Amino acid sequence: MTAVPGVAGPRAAGGDNTSRRLRGLLGRTSVRAAVVLIAVAWSLPTAGLLISSFRPVNDIRTTGWWDALLHPFNAATNWTFANYEAVLSADGMAVAFINSLVVTIPATIIPITMAAYAAYAFAWMRFPGRSFLFAIVVGLLVVPLQMSLVPVLRMYSVLDLNGTFLGVWLAHTGFGLPLAVFLLYNYISQLPVDLFESAAIDGASHFQVFRRIVVPLSVPALASFAIFQFLWVWNDLLIALIFLGTQETVAVMPARLNELVGTRGEAWHLLTAGAFVTMVVPLAVFLGLQRYFVRGIVAGSVKG
Amino acid sequence: MIEQAIAPPTTRLTRRRLVSGAVRALVAVAIAAAVLFGLGLVRDPEGPARLYAFLLDLLGQGATAEGLREGGLDPLHAKLTIMVIALAIGVGGVWAIFAGLNSLVDLLGPTWSRRVRPYVFIGPAVVMLLGYLVIPAVATIIASFTEEGAPETTWGYVLTSPEMWLAFRNNIIWLVLGTGGSVGIGLAIAALFDRIKREALAKVFVFMPLAISMVGAAVIWRFMYAWQPAGEPQFGLVNAAWTALGNEPVALMQVQSPPVNTLALIVIMVWLQTGFAMVVLSAALKGVPSEVLEAARSDGANERQVFFRIVMPMIRPTIIAVGTTVAIAILKVFDIVYVMTGGRFETEVIANRMFNEMFAFRNFGRASAIAVILFVAVVPIMIVNIRNLRRQGIGR
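Residue numbers (the numbering used here), protein chains in the order written: chain A, 1 to 304; chain B, 1001 to 1396.
Don't take each hint at face value.
As the list claims (entries may be wrong) - Here are the computed lysine to aspartate or glutamate pairs in the DMTMM-like style, where the Cα-Cα straight-line distance is at most 20 Å:
(1) B/Lys-1079 - A/Glu-248
(2) B/Lys-1286 - B/Asp-1194
(3) B/Lys-1079 - A/Asp-202
Stated by the list, open to error - From the derived model, a few chain B residues whose C-beta atoms are all more than 10 Å from chain A:
(4) Ala-1030
(5) Ile-1031
(6) Val-1091
(7) Ala-1143
(8) Gly-1149
(9) Thr-1153
(10) Tyr-1157
(11) Arg-1195
(12) Leu-1245
(13) Gly-1287
(14) Phe-1308
(15) Met-1312
The set of hints was computed from the structure by calculation and includes no laboratory data.
Please read all numbers here as calculations on a predicted model, not as lab measurements.
Even glycine gets a Cβ: it sits at the ideal position worked out from N, Cα and C.
So here's chain B without its partners, still in its complex pose:
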């Protein structure tokens, strides 16, 4: 590395430099104080009104200020004020932290500042990672064994109760059909779109759902699946088409009709994720050299053989990458199930179960054990994913 070369020459460390360093450190402290003050304002619903009143007082407009204190600010105005303050402290605060710490390190003198500065650069990130991932993950594992009544009521429940087994079963169905569906359809679409001129335009339509939140997607598909009793006009597209073919309308997500409900939920996920698979696989398809394909064709291979014997093996790493990525997203699926059914009608999945144990029942021991299950399920897939990425030269 270039550490030695970059170190500031000691001779240049004059008194002036020290003073300016101190000034910068002071400014940073002042910004930090302003941030703390701003945080107080953001948390207080009356904050913006009082801030404006205070400013008006400073300007000598006591009467207006008093009125504002009593009447309060109109909600939208107050909200916008909070937004501006929040953005200023959220964004400015983090920059102030780095600038301030960096100036403080300047005061240490050349040797120590060189030793300490890397930790200033990585420090905030490391603190956040420790506080939000490392320590909580360990605490969750411990909690799953030590909470009240554990391990019988936590692990015993998680591993043997019918609700959890239902969730496991559904997660496996999700994993197989959801991943297979997204990757398979994504690959088929990528190969098909590869043959047309306006490929980029066509891709937009399939890719667009990725911008939509799972809650939004759930509402979209709730409307698609909307059900009315037979004889009444069906305004949900699925039931309208189904009844137009002469069938009885199906009350999806409203009655116990396994496994149709889970399948209908998986369709939503496939609709969302196929675009991702398509884009990544399409890039891989374009990476297959055309000479190879031409050579195979001139050797008498038909299109089907070319695709399955030549193209597929060549883009295998990409298929693995896409498959593992979609699989992880699917293992942790929560929003779709939570919004559509809340886990009722035999659609329970692991992440939704955990949310309910944690939030609805305040059963932190069980929630922790379920989280550990999820972790154990994700790790092997993630390891395959990261290894696969590294083999392609990413993240070394």
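Excised from the complex, chain A in its bound form:
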């Protein structure tokens, strides 16, 4: 590649040695400065939110959060956890956090299970209608989920599923399945044929092959999709608003946070703390499982 900083190229030993080195140094410094500038610019919005969430309500409104950041130990700079206490208890974020878990975990595992079985069948079983059905699955990737909202909402009011966790699990399952089947098929169909042949010789049934061979070998693909779907469901507002609603017993965090914006739009101590509570889990997943996270985001980007 081009100028790799810190590695003095052999070419540097040329005639106009000094000026070339100087130019290289200048170039490298400006590149580094630009990189730092971009990284800082991209983090500022989140940093401001995080810092403000630990500041008392009056301080947030009288001085910028950068003041507190520049003078963290000044007598005039106060830090507090009160915002989190308030938003978790009085504003129901703690309950919403649990609701989010209740919605997200099954809404991740149910589609991934169904998709893994289907992907295995599409890849390694022969049956009438196989290619037709698979073509439909791929075709459904292009359908935006908005196409389903009105009929499913009507179906749910007949079945009395509106505002239930079951209803949301199934909705997320239905909307997540085309992508899940598509991705897992791509992976499972690429597993080596020999594996399946030797399993068959040993008398293994499809069910056994699936559970003992395919699932363990597909962990990278399963993990990538699981992370993608988990984040998608965790961060979703649209489906949560439509099928689950904003009642405190069921509301998930994005819905709750949206309510806060609507009702207490100027209560910045609550909004900053509340927003950060919603972000904790995705950020932890991001920092902890970065490799799978990146793969999941990239793979999941075709979701319709």
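Chain B: place on chain A using the hints.
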């Protein structure tokens, strides 16, 4: 395929095997019943209290049970119980379905079980796809033409009303600036970060917003854009910087000031999506063989020419993939607009309009027609995307 080889040898199908199959099927049915029972508990707010009371009764602690029935459980405890039950039925239920159906198929005998088993494997997925995508999509198209007053009040409204035209206009602005911004900046950052040693670390900062929900991002940027009347301390970073330069503070998202409001919303989307573009494009940049670049340089090409004439054409498929992906996300943008402005101050977009028609006004005909518009807009982009993916050998 390997179908014939995998079929279980018929000779081994003994009576013992049949019995164990039946037992497994029974267990699956029992689990299914437990799941249904659990669903009832989850839906009933008093469910956990009654469950505990029931268990206490079984243990002979009648008095405590009675107290629990009357006083109820403390909310957090009840919530945690519901969570455990919900996880058990949600996760266990779907596994039970597959194990149970599979055991039932075992009972059919070798020939029929071989014929039926594939449908057991794909069955639940196909049922869900039919129920949640295929049938609803068809129903939406039909509803857009047959709802009360249609097509005049649905399609007539959708295609001619000023609100919808505003949404179309804004969506196009979003599409051009949002997609162009994310992909362009993402590419620039990828190329720049490619030149430093701690590339992975630098990328984390730009990529991180992808973990944040659009609602969270909306709150973050609402704080960035916060506005106070002139003379008062500006605690929003944007207005603080703006007034520090000697300007009047700008009340973003609070007054009719097109097109600044929409632009300010697009900035949020670009902030979120650039990391995605950067990561994918960075991988593509690393895939460009260095011999090609060296050859071009030794032929006298300068860095700019190398980038635009050699690198860009080589990573074109990736640029298309990223561009179409971001474009689809942007066409369906809802959360940011809904949380920041609710579509007021001339920031309306199609998906937000649909949500309001559906949820605020209960106008299902119009909502259906808008959904069809969205579908029609997404399909060509998605087709380009999938074709492009297939050309790279994915999804064949």
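Q) Which earlier hints turn out false for this structure, listed by number in ascending order? A) Hint check: 3, 6, 7, 11 fail, others pass.
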